[in-house]
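Asks: Residue numbers (this note's numbering), protein chains in the order written: chain A, 179 to 644; chain B, 96 to 314.
In case anyone wonders, no lab produced these hints; they're calculated from the structure. It is possible that part of the hints are untrue.
Where chain B lies over chain A, by a calculated footprint (3+ residues, C-beta under 8 Å) [what the hints assert, rightly or not]:
| id | region |
| --- | --- |
| 1 | 199-212 |
| 2 | 398-407 |
| 3 | 420-426 |
| 4 | 445-452 |
| 5 | 457-469 |
Straight-line Cα separation of at most 30 Å, DSS-like style, residue types lysine-lysine; simulated pairs [as the list claims (entries may be wrong)]:
| id | chain 1 | residue 1 | chain 2 | residue 2 |
| --- | --- | --- | --- | --- |
| 6 | B | 301 | B | 178 |
| 7 | A | 259 | B | 301 |
| 8 | A | 259 | B | 178 |
We put the beta carbon where it would ideally sit given N, CA and C, even for glycine.
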Amino acid sequence: MEVASLAFHQAARRALADAELQRALARLRQNFQSRRAQAVAALPEFEALRRAGEAIRDHVLQHLDHYLERFVERAQAAGAKVHIAATAGEARRLVLELLQAHGVRRVTKSKSMVAEEVALAEALEAAGIRRVETDLGEYIIQLANEPPSHLIGPAVHMTEERIARLFAAAHGEPEEHDPKRLVAQARRVLRQAYLEAEAGITGANFLVAETGSVITVTNEGNAELTQGLPPLHIVVTSIEKLVPTMEHAFTLLRLLARSATGQEFATYTTVLTGPRRADDRDGPEAMHIVLVDNGRSAMLGSRLQPMLRCIRCSACMNHCPVYLAVGGHAYGWTYVGPMGAVLTPALAGIDRTYPLPEASTFCGRCADVCPVRIPLPDLMRVWREEAFRRRLAPLHQRAGLRLWAWLARHPRLYRRLFGLGVRLLAALGGRRRRLRRLPLAGGWTRARDLPAPEGPTFLASLERRR
Amino acid sequence: MSGERLARLLARLRQRLGREGAETPPAPPPGPIPARAQVAGEARVALFMRMARAVGSEVERVAGLEEVASAVLRYLRFHNLPKRLVVAPDPLLQAAGFERLALVEVRYGTAGADDPVGVTVADAGVAETGTLVLASSPERPTMLAYLPETSIVLLPRARLDGSYEESWQRIRERFGTPPRSVNFITGPSRTADIGLRLTMGAHGPKRLLILLVDRLEHP
Numbered sequence: 179m180e181v182a183s184l185a186f187h188q189a190a191r192r193a194l195a196d197a198e199l200q201r202a203l204a205r206l207r208q209n210f211q212s213r214r215a216q217a218v219a220a221l222p223e224f225e226a227l228r229r230a231g232e233a234i235r236d237h238v239l240q241h242l243d244h245y246l247e248r249f250v251e252r253a254q255a256a257g258a259k260v261h262i263a264a265t266a267g268e269a270r271r272l273v274l275e276l277l278q279a280h281g282v283r284r285v286t287k288s289k290s291m292v293a294e295e296v297a298l299a300e301a302l303e304a305a306g307i308r309r310v311e312t313d314l315g316e317y318i319i320q321l322a323n324e325p326p327s328h329l330i331g332p333a334v335h336m337t338e339e340r341i342a343r344l345f346a347a348a349h350g351e352p353e354e355h356d357p358k359r360l361v362a363q364a365r366r367v368l369r370q371a372y373l374e375a376e377a378g379i380t381g382a383n384f385l386v387a388e389t390g391s392v393i394t395v396t397n398e399g400n401a402e403l404t405q406g407l408p409p410l411h412i413v414v415t416s417i418e419k420l421v422p423t424m425e426h427a428f429t430l431l432r433l434l435a436r437s438a439t440g441q442e443f444a445t446y447t448t449v450l451t452g453p454r455r456a457d458d459r460d461g462p463e464a465m466h467i468v469l470v471d472n473g474r475s476a477m478l479g480s481r482l483q484p485m486l487r488c489i490r491c492s493a494c495m496n497h498c499p500v501y502l503a504v505g506g507h508a509y510g511w512t513y514v515g516p517m518g519a520v521l522t523p524a525l526a527g528i529d530r531t532y533p534l535p536e537a538s539t540f541c542g543r544c545a546d547v548c549p550v551r552i553p554l555p556d557l558m559r560v561w562r563e564e565a566f567r568r569r570l571a572p573l574h575q576r577a578g579l580r581l582w583a584w585l586a587r588h589p590r591l592y593r594r595l596f597g598l599g600v601r602l603l604a605a606l607g608g609r610r611r612r613l614r615r616l617p618l619a620g621g622w623t624r625a626r627d628l629p630a631p632e633g634p635t636f637l638a639s640l641e642r643r644r
Numbered sequence: 096m097s098g099e100r101l102a103r104l105l106a107r108l109r110q111r112l113g114r115e116g117a118e119t120p121p122a123p124p125p126g127p128i129p130a131r132a133q134v135a136g137e138a139r140v141a142l143f144m145r146m147a148r149a150v151g152s153e154v155e156r157v158a159g160l161e162e163v164a165s166a167v168l169r170y171l172r173f174h175n176l177p178k179r180l181v182v183a184p185d186p187l188l189q190a191a192g193f194e195r196l197a198l199v200e201v202r203y204g205t206a207g208a209d210d211p212v213g214v215t216v217a218d219a220g221v222a223e224t225g226t227l228v229l230a231s232s233p234e235r236p237t238m239l240a241y242l243p244e245t246s247i248v249l250l251p252r253a254r255l256d257g258s259y260e261e262s263w264q265r266i267r268e269r270f271g272t273p274p275r276s277v278n279f280i281t282g283p284s285r286t287a288d289i290g291l292r293l294t295m296g297a298h299g300p301k302r303l304l305i306l307l308v309d310r311l312e313h314p
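Pulled out of the complex, with its shape left as it was, chain A reads as follows (with noise of 0.2 Å):
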């Protein structure tokens, strides 16, 4: 996938015009921020669990090549083959050549998004690869030749009347609208496809040093008849997500759940450790684990590192007033919201990117819910200025900041010209002490109203008091 993250602004503003979209939007904001709070409510340890998950990942990324020595270890002792991607390109060569050497033509596959990160569907379909997703959400999006706009809810931007047009159109059958159909249109398609497909592609959630074992989340089952039916396995998955014994993973699946959609626990966590033993009804006969690094070993040792905690539970954009307004999309890559702001130029280059850390009002809500507590606020900080170290933003914008960076240690020009502005604003106010149009800010004004400032600036009044 092309990074378009540059024209983020254009997006934005297109995503804003867009009533479908903001309808799906707000139906989202109220599904998940209740879930979730429902569901953290009900659990009086899910803080001593938070601390204990940033403890867990921070150790792990301090250690991890450790860990993933002895993953890779104990995975090839259970039988599975694992390798080792430095970048997306050689990720996708790897996954074509186990393919190719299989001789195969149709695969499956379920959600992993470092496939997506690195353009996987792309690269089989350039190989003649015919690829059927069994997400629902993601097999939605495949129809309708989408990127994902959420990390667990790849197709939410859609409203029902899309997703029935595009079933009608790819199913051949009358169109429908309630979603038992149509979800019983794609079992009935996704069910023959998991009967001839000769391999499963799968992502991971979390891979066990211990025991070289790689553990799945769905709600769907569909990562199990993904992996399980055809012949062939492979394991689609990045170099961060180990943790060291099944004890540990349970302290973050219990996070993921409830940080993610609200549930207690996901319906179906798989835990898989190798392939097909020799006795066996069924599994696949081959299970081939690649691990992704592209970028990610440049973060750790780096102020970054904190980011590599992350267990792609969504929480932070279903409470982000950024991405809860403009979308996924406009951020123009794989990972969207505020942690994409940060992974995203930490992945793709800054240079591609600088707009993302932008997109951020700082409420800070987004580290309030991380279940492992990253600091996405002071990450993205880090990011812009890296981006104004580098000059990479408008020189209107530069100067800007400078010339307010220089007012700030003015303090006396500053109040100064602050109080000018203040009584000006006032001014503009008129009686009704409201404006309705601000220069610069007709986005803002368009849907509301701006008080005027009442009577002088802080500094002054304390100034006066005494």
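Use these hints to put chain B onto chain A, whose structure you have.
Replies: Just chain B now, kept in the frame of chain A:
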């Protein structure tokens, strides 16, 4: 794999972390096991049933193996389901007497795409969230709980634990190296991918019946 690529990556990680040859200290302790999971006896059974029902599972308590077959038949009739069972080739289930049920077709093995009802046995149950733990083995193929539209799972009362950790300890003691697939199943298959409306039976079972069997010895 090429050990070279791994060696290169490990060297890079060590350089980034500045820990050439450094020891790895013990991992920090896992987070707390929720207090609500730390219950025993009938309180544990009650918690399991409440949590399982809250996620859409149906739970029926039966006294012993002799009651299992008739409970299954009642369930098929109640939901007006096809009377065709694919059953795990497990000695326990083979002794449950499904063949004696009138007009019910029974096959032992793993599930195919057209099997409407699958029956298997759980290795453990977790009261904390009403979760079943199924470990793959030749006697208990995984697909039995994924392909059919209706999934029926026996859970011996003696294997009902409070938390996931206890159940995993059970798996560890029993198998050493974990079997190929250990499935934690919490309710029937579901999706909210169409308009965020919860719909059951996305790919896996549309309904899940748990038969909690009080007296049952299972090796």
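Asks: Confirm or reject each hint.
Replies: Status of each hint after checking the structure:
Under a criterion of three residues with beta carbons nearer than 8 Å to beta carbons of chain B, the stated coverage of the region 199-212 of chain A is upheld, 3 such residues being counted. Under a criterion of three residues with beta carbons nearer than 8 Å to beta carbons of chain B, the stated coverage of the region 398-407 of chain A is upheld, 7 such residues being counted. Here the region 420-426 of chain A counts 5 residues with a CB under 8 Å from a CB of chain B, which clears the bar of 3, and the coverage holds. Chain B is given as covering the region 445-452 of chain A, and this holds because 8 residues of the stretch bring a CB closer than 8 Å to a CB of that chain, at least three being needed.
Residues of the region 457-469 of chain A lying with their CB closer than 8 Å to a CB of chain B number 5, which satisfies the three-residue condition for coverage. Straight-line distance between C-alpha atoms of residue 301 of chain B and residue 178 of chain B comes to about 16 Å, which keeps the hinted pair within the 30 Å bound. Only pairs whose Cα atoms come within 30 Å are accepted, and residue 259 of chain A paired with residue 301 of chain B is rejected, the gap being roughly 34 Å. Pair hint residue 259 of chain A plus residue 178 of chain B does not hold up; C-alpha atoms about 42 Å apart against a cutoff of 30 Å.
Hint check: violations occur at hints 7, 8; the rest are consistent with the structure.
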